[in-house]
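A.B. asks: Read off the chains here:
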Amino acid sequence: MPRVLSQRKPYLLLFLLLSLNLILMASSVRGARGGSLLEETVMSVASPFLKAASWITSGVAGLWAHYADLREVELENRRLRAQVGSLTLEARAAEETRQEARRLRDLLALREEAGEGGIVAARVIARGASGPARTLLIGRGSSDGVSVNLPVISSRGVVGRVIEAAPGVSKVQSILDPNSGVAALLQRTRVQGVLVGEGGETCRLDFVSEGASVEVGDVVVTSGLDEIYPKGRILGLVVAVGEAQGLTRYVQVRPEVDLQRLEEVLVLRAPLTAAPGGEP
Amino acid sequence: MKMLRAGLALGAVCLLQMLLGLHLPAVARRCDLFSIFAVYIALTRTQRPALILGSSAGLAQDALADTILGLNGFKKTLLAYLVGTLGSLFMLNQTVPRFGILFATAFFEPLTDLGLALAMGQQFVFPSPWDLLQRGLGNGVVGLLAFWIAARLPS
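Keeping their order, the protein sequence lines are chains A and B.
Per the numbering used here, the first sequence starts with residue 1, numbered consecutively.
Per the numbering used here, the second sequence starts with residue 281, numbered consecutively.
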């Protein structure tokens with residue numbers, strides 16, 4: 001009896017055999033939805049896990065996709081920033097080229113006006129060390145045919161005159177220098193005077209008689225009487241007219257050329273023809 | 281060796297059941313040689329081989345008959361276990377108790393079928409009492425005859 005009892009406990013084997021047969025049955029019996037019962041049972045048992053796995057997978061995939069998108073956006077952002085920087089540089093270079101071309105075109109017009117050998121184009125290589133640009137250094141000198149007292153102009157007007165000429169470089173005294181003097185006249189009234197630098201950013205038109213008609217905004221041009229500057233080149237505009245002081249009156253002139261921003265100039269070796277603005 | 285004999289016996293049961301189905305279908309409908317085999321094995325062997333052979337007999341029946349694979353395997357496994365358990369608790373080596381067990385298998389099987397059908401959501405038509413009575417008698421008579429023959433085979 002004890003042997004029999006000990007043999008009466010093949011529960012595991014019984015469970016395995018019954019399970020095996022149940023699985024076989026379930027794989028054969030069709031369920032309500034047309035699939036095998038085994039499939040449906042496995043599906044219904046596994047569906048929560050599958051849903052959880054799907055949720056986790058989709059969540060992870062979503063996070064990954066989000067991260068990848070962000071990463072891609074970041075990379076694109078960097079690329080676009082680099083592109084913007086590059087384009088900005090290109091745009092600045094293009095703008096610089098455009099302005100340079102405009103300046104050179106203006107200078108070329110002057111050169112054509114003076115003839116092939118009558119003009120020397122030069123770059124400004126240095127300015128006065130302090131304050132307004134009273135003197136300039138240009139990159140052409142005696143070896144280029146530049147000599148003392150030759151007038152220096154730009155496309156906008158008179159700059160000054162050469163006061164020193166060395167091989168390859170020359171010093172130009174601008175019309176802002178208090179020691180400079182340019183024979184000038186008012187374009188509107190033909191009142192004559194001498195334009196002298198005030199040491200600052202303006203000039204003064206001396207020897208204007210008390211009764212002369214001078215108004216703010218009048219254009220001051222060279223008169224050519226000093227035999228240095230060609231006649232009719234623009235010097236500046238009258239910005240202030242003072243009360244009479246004895247026989248003359250104070251007339252303040254702002255140069256037309258911005259000497260602080262000047263980059264290219266022309267040295268006139270031959271006299272230019274009178275500018276149209278020189279005659280009333 | 282015992283397993284080989286049992287395997288041969290199972291093969292013989294398959295052959296006989298097929299022959300009955302072909303030539304004596306009325307008898308085949310009223311007795312289940314596979315159930316008789318499972319009961320015999322459960323009463324004469326320990327439970328482990330009884331379970332294995334019972335399950336094998338059921339699966340063989342499933343393979344031969346056009347039924348759901350595993351259905352008879354499940355029933356015969358359970359039958360072998362229950363009969364083996366009863367055989368370990370009661371003296372079932374006499375003719376009357378054995379007849380009672382064989383007769384009861386005719387009721388056990390449709391009850392198991394009903395339970396499985398309910399569990400699997402399948403339709404099941406329970407056999408009429410007359411059918412069950414006929415199957416019980418058929419199993420009992422044929423089973424006792426088989427037991428008598430088996431007892432006289434050389435060991």
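Some hints could be false.
To be verified - So the derived list for chain B, only partly shown, Cβ under 7 Å to chain A, looks like this:
#, residue
1, Ala292
2, Gln327
3, Arg328
4, Ser335
5, Thr347
6, Ile348
7, Leu349
8, Tyr361
9, Leu362
10, Leu398
11, Met400
Hints in this document: simulated from the structure, not taken from any laboratory.
Using N, Cα and C, we set each Cβ at its ideal position, and we do this for glycine too.
A.B. asks: State the violated hints by number, sorted upward, taking the hints as numbered earlier in the document.
C.D. replies: Hints 1, 5, 9, 10 contradicted; others consistent.
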